[in-house]
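Chains as they are written, first to last, in the UniProt record's numbering: chain L, 1 to 334; chain S, 1 to 334.
Simulated from the structure, these hints should not be mistaken for lab results. Be a bit skeptical, because a hint or two may be false.
Because identical chains cannot be distinguished in the list, a pair is counted as satisfied if it fits within a single copy or across any two copies.
[To be verified] List time: in silico DSS-like cross-link candidates among lysine-lysine, alpha-carbon distance up to 25 Å:
(1) 306 with 35
(2) 321 with 34
(3) 136 with 222
(4) 250 with 320
(5) 34 with 250
(6) 312 with 136
(7) 157 with 34
(8) 9 with 35
(9) 258 with 321
(10) 157 with 182
(11) 136 with 306
(12) 222 with 250
(13) 321 with 105
(14) 157 with 321
(15) 182 with 222
(16) 222 with 321
(17) 250 with 306
(18) 312 with 258
(19) 306 with 320
(20) 105 with 309
(21) 222 with 320
Protein chains: 2
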Amino acid sequence: MAGIRDVAKLAGVGVATVSRVLNGSGYVSEETRKKIVQAMEELNYTPNELARQLYHKRSGIIAVLMPDVSHPFFSELVKNIETILYERGYKTMLCDTFKEKNSEKEYLNMLERNIVDGIITGVHSLDVESYQKISKPIVAFDRVLGDRIPVVRVDHKVGGRLAAQMLYESGCRNVLQFHGAKVVTSPSHERHMEFERYMREHGAGVTSVELLWNRFDTQYFKDVTRQVLAGNPDIDGVFGADLLMAYCIKAAYSQGRKVPDDLKLVAYDGTYVTETVTPEITAIEQPVPQIARELVGIICDMIEGKELKDHKVILDVKVKKGATTLNEFAEMAK
Amino acid sequence: MAGIRDVAKLAGVGVATVSRVLNGSGYVSEETRKKIVQAMEELNYTPNELARQLYHKRSGIIAVLMPDVSHPFFSELVKNIETILYERGYKTMLCDTFKEKNSEKEYLNMLERNIVDGIITGVHSLDVESYQKISKPIVAFDRVLGDRIPVVRVDHKVGGRLAAQMLYESGCRNVLQFHGAKVVTSPSHERHMEFERYMREHGAGVTSVELLWNRFDTQYFKDVTRQVLAGNPDIDGVFGADLLMAYCIKAAYSQGRKVPDDLKLVAYDGTYVTETVTPEITAIEQPVPQIARELVGIICDMIEGKELKDHKVILDVKVKKGATTLNEFAEMAK
């Protein structure tokens, strides 16, 4: 394979001149440039990408850290992020963090060493301090990683209130909600706080079940929904993430409870899971394509050194009408 | 940040000597090595990874090309591949090819330019010739890309026969199957050929519906199942991929057909989708973790220059019993 020296030799110039042409830096006369490009073509020379990256201190790679890409919400988000990054000329390096507590650290390290140009993170397994030490581009999805790191999220407070409203107005007076591990500093807890506040304010009972940290596998969802429904025979409404609600329907059936007659449900996220099951689950939908666009927009602006307009982007949720609440109320809440 | 020059200066040696230590090449006395390492520690020097990669001609990155990571089967596969690659010290670069016909080409190009060390591909949007020209590590999942490129797949012929058997023995005599676009050279077509052969041999009617090329979105699955079921009121059994079968149940319900009484189903892949719906779908399961292990094993062997034991790895499928066929037969076929 031809190298830069061969190109320089054939063009009758020095290696440094070829290098200037490759990197678009310094002055090279038009005539010399032509000779060099001709020599490159003649020799079928491909500039060594790694060398060029080294020069530019850019790898063109963004690391995307998510808890579990096999989870329907995260897989949809990763798909959208990858597509938009690709359009912007970046490649996606994927890291699932379900497997190891500290794999996140390794990617932060790669950011420091210029192997990736930026990080989009939807996980939080490290201390916020580890993030605060880094001055390179990081954007968080639904995670609070300190003031310096911008965050994209939905309005969980509205989401929680809509869920509570739909269950309450469907007649539920004793509800249960599944929420993520409280150890994670995520704005998503707001939806559960608001859900509980609304219910209590209206005199309804609320049981909250905290899920295990960093568990997103279907076996866990299946087991936990069965146990919780069996242990709470008096509840008339449930609120939780899509897959949990799908398994709740099955658990309810197996325990002789009819959905929605005996048990009403509202799911959070609104992925395809809510519409493949029967009855279709009423859901609070997070706008995945919009979330992805905001995350990519911010990380690209940071890499390109642009001033960020906003360090906190809060997007609207919407109601996706299903058949696990009373329909007229789902309509109303829209 | 400290550079290699600072290290050399503090250690009282030349830059070339520091470089030899970093790259483990050439002779450096133990005493000098110690001085250099001490200087690195003192200056908190991190070797420039890109420079080292350039030297070693390895990036430590594997590109994983899949049609659509939001599809439950591919998301599960990507998760498993990423986990095992991570254990082996490689990072995963993800590329969804649903978005553009030729994004595949770009990744082949990156392989040529040493930006990635290898490619695991589950897609095929390019001519087989484009692959044949490349002598670097590529392994295919369920795709025929010429003799030189190893392939990992399941025994689709057995899968197709099991599906046919279960529907036939559940009483189906007029069945329909959805199969992938025939333009793609995939061993997966074998399951449909075998399914049809078995049915015809036993005197049953078979209708085959070919799906559009490279479409894996739920809206398409929803639309196509509705149309096809409405247009084929006489069929008593259906065979197709998980999500299609999930939407078939819904389409059947909406058209007043009961599952499994009026319509029996066998799904292919056996992801969690088959167990979140009601009734749970009887499925032919592809062993995703094993597929991932084989793909990663082969690509690592190729990168490390080891001789491959086998260019064709064919794994067993198994029956995952659901409630959309007669149970005793699902049991029997196990």
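**OP:** At 25 Å max between alpha carbons, let me know whether residue 312 reaches residue 136 within a copy, between copies, both or neither.
**Re:** within (18 Å within a copy, 44 Å between copies)
Subject >> Same-copy or cross-copy closeness of residue 182 to residue 222 [CA-CA at most 25 Å] >> reply: within (21 Å within a copy, 37 Å between copies)
Original post:
Between residue 34 and residue 250, at a C-alpha cutoff of 25 Å, which is it: within one copy, between copies, both, or neither?
Top reply: This pair counts as neither: shortest intra-copy Cα distance 70 Å, inter-copy 64 Å.
Subject >> residue 312 and residue 258: within-copy, between-copy, both or neither at 25 Å Cα >> reply: neither (42 Å within a copy, 49 Å between copies)
Subject >> Intra- versus inter-subunit Cα pairing at 25 Å for residue 157 with residue 321 >> reply: Cα proximity of residue 157 and residue 321: one copy only (19 Å, versus 42 Å across).
Original post:
Given a CA cutoff of 25 Å, do residue 105 and residue 309 count as a within-copy pair, a between-copy pair, both, or neither?
Top reply: For residue 105 and residue 309, the Cα distance exceeds 25 Å both inside one copy (28 Å) and across copies (36 Å).
Subject >> Identical-chain pair category, residue 222 with residue 250, by Cα at 25 Å >> reply: Result: close both inside a copy and across copies, 9 Å intra and 22 Å inter.
Subject >> Intra- versus inter-subunit Cα pairing at 25 Å for residue 258 with residue 321 >> reply: both (19 Å within a copy, 24 Å between copies)
Subject >> Same-copy or cross-copy closeness of residue 250 to residue 320 [CA-CA at most 25 Å] >> reply: both (21 Å within a copy, 17 Å between copies)
**OP:** With 25 Å as the alpha-carbon cut-off, assign the pair residue 157 and residue 34 to within, between, both or neither.
**Re:** Neither: 61 Å inside a chain and 58 Å across chains, both beyond 25 Å.
**OP:** With 25 Å as the alpha-carbon cut-off, assign the pair residue 321 and residue 34 to within, between, both or neither.
**Re:** neither (63 Å within a copy, 68 Å between copies)
Original post:
When no copy is specified for residue 222 and residue 321, does a C-alpha distance of 25 Å or less occur within a copy, between copies, both, or neither?
Top reply: both (24 Å within a copy, 17 Å between copies)
Hint violations for this structure: numbers 1, 2, 3, 5, 7, 13, 17, 18, 19, 20, all remaining hints satisfied.
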